[in-house]
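Protein chains: 2
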Amino acid sequence: MSEQNSQNYKAKSFAMNDDAALYQKSNCYPRRDAVDVLTEFLPKFRWKEGKKRIFDIGCADGSVTNIISAFCNNDYEVFEACDINERAVKYATEYYGTDKMIFRVMDIEGQLPKEMNGKFDNVFSFYTLQWIKNQEKAFQNIYDLMAKDGECLLTLLARIPVYSLFNALKDTDTWGYLLKYINQFISPYHDVSDPDVIIQSLLEKVGFQYVDVRCRQKKYEFKDIQQLRNILEAVSPFNVDKKLYEQFFDDIMEVAEDMRIIDRRTKTATFHYNLIVIHCRK
Amino acid sequence: MSEQNSQNYKAKSFAMNDDAALYQKSNCYPRRDAVDVLTEFLPKFRWKEGKKRIFDIGCADGSVTNIISAFCNNDYEVFEACDINERAVKYATEYYGTDKMIFRVMDIEGQLPKEMNGKFDNVFSFYTLQWIKNQEKAFQNIYDLMAKDGECLLTLLARIPVYSLFNALKDTDTWGYLLKYINQFISPYHDVSDPDVIIQSLLEKVGFQYVDVRCRQKKYEFKDIQQLRNILEAVSPFNVDKKLYEQFFDDIMEVAEDMRIIDRRTKTATFHYNLIVIHCRK
Numbered sequence: 018m019s020e021q022n023s024q025n026y027k028a029k030s031f032a033m034n035d036d037a038a039l040y041q042k043s044n045c046y047p048r049r050d051a052v053d054v055l056t057e058f059l060p061k062f063r064w065k066e067g068k069k070r071i072f073d074i075g076c077a078d079g080s081v082t083n084i085i086s087a088f089c090n091n092d093y094e095v096f097e098a099c100d101i102n103e104r105a106v107k108y109a110t111e112y113y114g115t116d117k118m119i120f121r122v123m124d125i126e127g128q129l130p131k132e133m134n135g136k137f138d139n140v141f142s143f144y145t146l147q148w149i150k151n152q153e154k155a156f157q158n159i160y161d162l163m164a165k166d167g168e169c170l171l172t173l174l175a176r177i178p179v180y181s182l183f184n185a186l187k188d189t190d191t192w193g194y195l196l197k198y199i200n201q202f203i204s205p206y207h208d209v210s211d212p213d214v215i216i217q218s219l220l221e222k223v224g225f226q227y228v229d230v231r232c233r234q235k236k237y238e239f240k241d242i243q244q245l246r247n248i249l250e251a252v253s254p255f256n257v258d259k260k261l262y263e264q265f266f267d268d269i270m271e272v273a274e275d276m277r278i279i280d281r282r283t284k285t286a287t288f289h290y291n292l293i294v295i296h297c298r299k
Numbered sequence: 018m019s020e021q022n023s024q025n026y027k028a029k030s031f032a033m034n035d036d037a038a039l040y041q042k043s044n045c046y047p048r049r050d051a052v053d054v055l056t057e058f059l060p061k062f063r064w065k066e067g068k069k070r071i072f073d074i075g076c077a078d079g080s081v082t083n084i085i086s087a088f089c090n091n092d093y094e095v096f097e098a099c100d101i102n103e104r105a106v107k108y109a110t111e112y113y114g115t116d117k118m119i120f121r122v123m124d125i126e127g128q129l130p131k132e133m134n135g136k137f138d139n140v141f142s143f144y145t146l147q148w149i150k151n152q153e154k155a156f157q158n159i160y161d162l163m164a165k166d167g168e169c170l171l172t173l174l175a176r177i178p179v180y181s182l183f184n185a186l187k188d189t190d191t192w193g194y195l196l197k198y199i200n201q202f203i204s205p206y207h208d209v210s211d212p213d214v215i216i217q218s219l220l221e222k223v224g225f226q227y228v229d230v231r232c233r234q235k236k237y238e239f240k241d242i243q244q245l246r247n248i249l250e251a252v253s254p255f256n257v258d259k260k261l262y263e264q265f266f267d268d269i270m271e272v273a274e275d276m277r278i279i280d281r282r283t284k285t286a287t288f289h290y291n292l293i294v295i296h297c298r299k
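Protein sequences appear in the order of chains A and B. The first sequence begins at 18 in our numbering and counts up one residue at a time. The second sequence begins at 18 in our numbering and counts up one residue at a time.
Don't read these hints as lab results, they were simulated from the structure. Careful, some of the hints might be misleading.
Note that identical chains are pooled: a pair holds if it fits in a single copy or bridges any two copies.
Heads up, simulated DSSO-like pairs for lysine-lysine below, C-alpha to C-alpha not over 27 Å straight-line [stated by the list, open to error]:
(1) Lys236 <-> Lys222
(2) Lys236 <-> Lys197
(3) Lys284 <-> Lys197
(4) Lys150 <-> Lys235
(5) Lys68 <-> Lys131
(6) Lys222 <-> Lys136
(7) Lys235 <-> Lys187
(8) Lys284 <-> Lys187
(9) Lys236 <-> Lys187
(10) Lys107 <-> Lys259
(11) Lys61 <-> Lys222
With the hints as constraints, model all of the structure from the sequences given.
Structure follows, in structure tokens:
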């Protein structure tokens, strides 16, 4: 591959595949984890009296935003949600948008619009913040979005086989060019000890009064091997040439067999991963 | 393999390889984690005034017991430590035994000697409790060992590649007979979601007043591939025929390459695992 082509890959901003429909079909364990975390942590919230203003960061197809809304009894003054991806925001608006539920394009790592400062009583972000390189900036923005006494509930991925699978092809002759900048895709907490301790310290630095960070060991058994392939295709940010697309994911699935994520004998697939769960009060 | 031979494997009690010298040479990450956990959690202890009585469960070769002793400034009325393995206790006594540091054979899952009831101000157990099938019984015994206001600090393994590696050979024609009862070897928390939540609930049931359970994502880079092999040999409870011993561990190391625990290119080896850390007050 020429240097110029390789630069194109670098230039591509690393964000999830923007096929929101594919993501909606396949985001099985993110959805399960959202329900589990909301069930466990919402009862610990000190809810504000009266109508709340709620914000969700990284809405993708909007399906998890919709779950959060249901857990809040669909009862709020306003529920805003954002994503960096325009197509996702369009999709989410179409499926879940109402006059009180508004989706917008926004980068949580960027400059916040001034009018959003201190606007929200509760901020949520599920399965998004592992994409952010400047973690402190994102946590600072979340803090700034929140009203006094506001509370947030965030989850993000630490170690997960998704990264190990793509990473395994990084040093191959066939796929090396495509995966050259894979580190921009991998969670900053995939390959470290004690991510919860690192994050706790960042959140305290940003100024949160109450900080509870947990690292949760998770297991997810896929319905079948195709479901595993679907989620890998949905989250892959790699711009594979159409002619090579099937070969690329065939090779990924072969690595999954090697790594015993797929059980060759029973034709089943299981993910073991670690999810960071954060509950903070301003 | 005949049913009779297979019964012999069943009959063998599942405990760590009892070569304490080999374990001493190779228990690299258990030793590192002991130091890290003691450094983080001992400052949170409400230490009893005056001389303390201390107990350590699962001393193995005694090297971690010795680390705990150093963190307690080697200042106590008595420091007792136990292991289920007679050879380990003999080895530890020889290396670390003094008139105030006493090693004894004892099963933390069994009936406690009456005179030990409420005897200890502080109980430690590092990298041991994952061997115990009846978790509640072990936690109850730890509670019973402790004096009023006593505190304990425990670590045990949740998910770790050690189990995945041996487990990968379970369904092979060559090693199936040997690994038939491998589930007795695998941590009850290796293959589950939210082990910290399960353990928290057990400890509260047993009666502890203060319970803090953390699941910690850990990474350990081995010095070289041989160091990985050493620790696998040291913890393996499988009774491999001498003639097949090298072949067995060659095959295990091949699985480690498949699973990308060993990097074929750089000839390095890394473990990613989850350690449960428990801090309780009676």
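To see whether the hints hold, each was checked on the structure:
Taking CA atoms no more than 27 Å apart as the test, Lys236 paired with Lys222 passes between copies only; the shortest distance there is 25 Å, against 32 Å inside one copy. For the identical chains of this complex, Lys236 and Lys197 are inter-copy neighbours only, at 24 Å across copies versus 29 Å inside a copy, given an alpha-carbon limit of 27 Å. For the identical chains of this complex, Lys284 and Lys197 are inter-copy neighbours only, at 21 Å across copies versus 31 Å inside a copy, given an alpha-carbon limit of 27 Å. Proximity of Lys150 and Lys235 under a CA criterion of 27 Å is satisfied in both settings, with 24 Å inside one chain copy and 21 Å between copies.
For a Cα distance limit of 27 Å, the shortest separation of Lys68 from Lys131 inside one copy, 22 Å, qualifies, whereas the shortest one across copies, 59 Å, does not. In this assembly of identical chains, the alpha carbons of Lys222 and Lys136 lie at most 27 Å apart only when taken from the same copy (21 Å versus 42 Å across copies). In this assembly of identical chains, Lys235 and Lys187 lie within 27 Å of each other by CA distance both inside one copy and across copies; the values are 26 Å within and 23 Å between. Proximity of Lys284 and Lys187 under a CA criterion of 27 Å is satisfied in both settings, with 26 Å inside one chain copy and 16 Å between copies.
Taking the shortest Cα distances, Lys236 and Lys187 sit within 27 Å of each other both inside one copy (26 Å) and across copies (21 Å). In the homo-oligomer, the alpha carbons of Lys107 and Lys259 lie at most 27 Å apart inside one protomer (25 Å), although the nearest pairing across protomers, at 66 Å, exceeds that limit. In the homo-oligomer, the alpha carbons of Lys61 and Lys222 lie at most 27 Å apart both inside one protomer (23 Å) and across protomers (21 Å), since each shortest distance falls under that limit.
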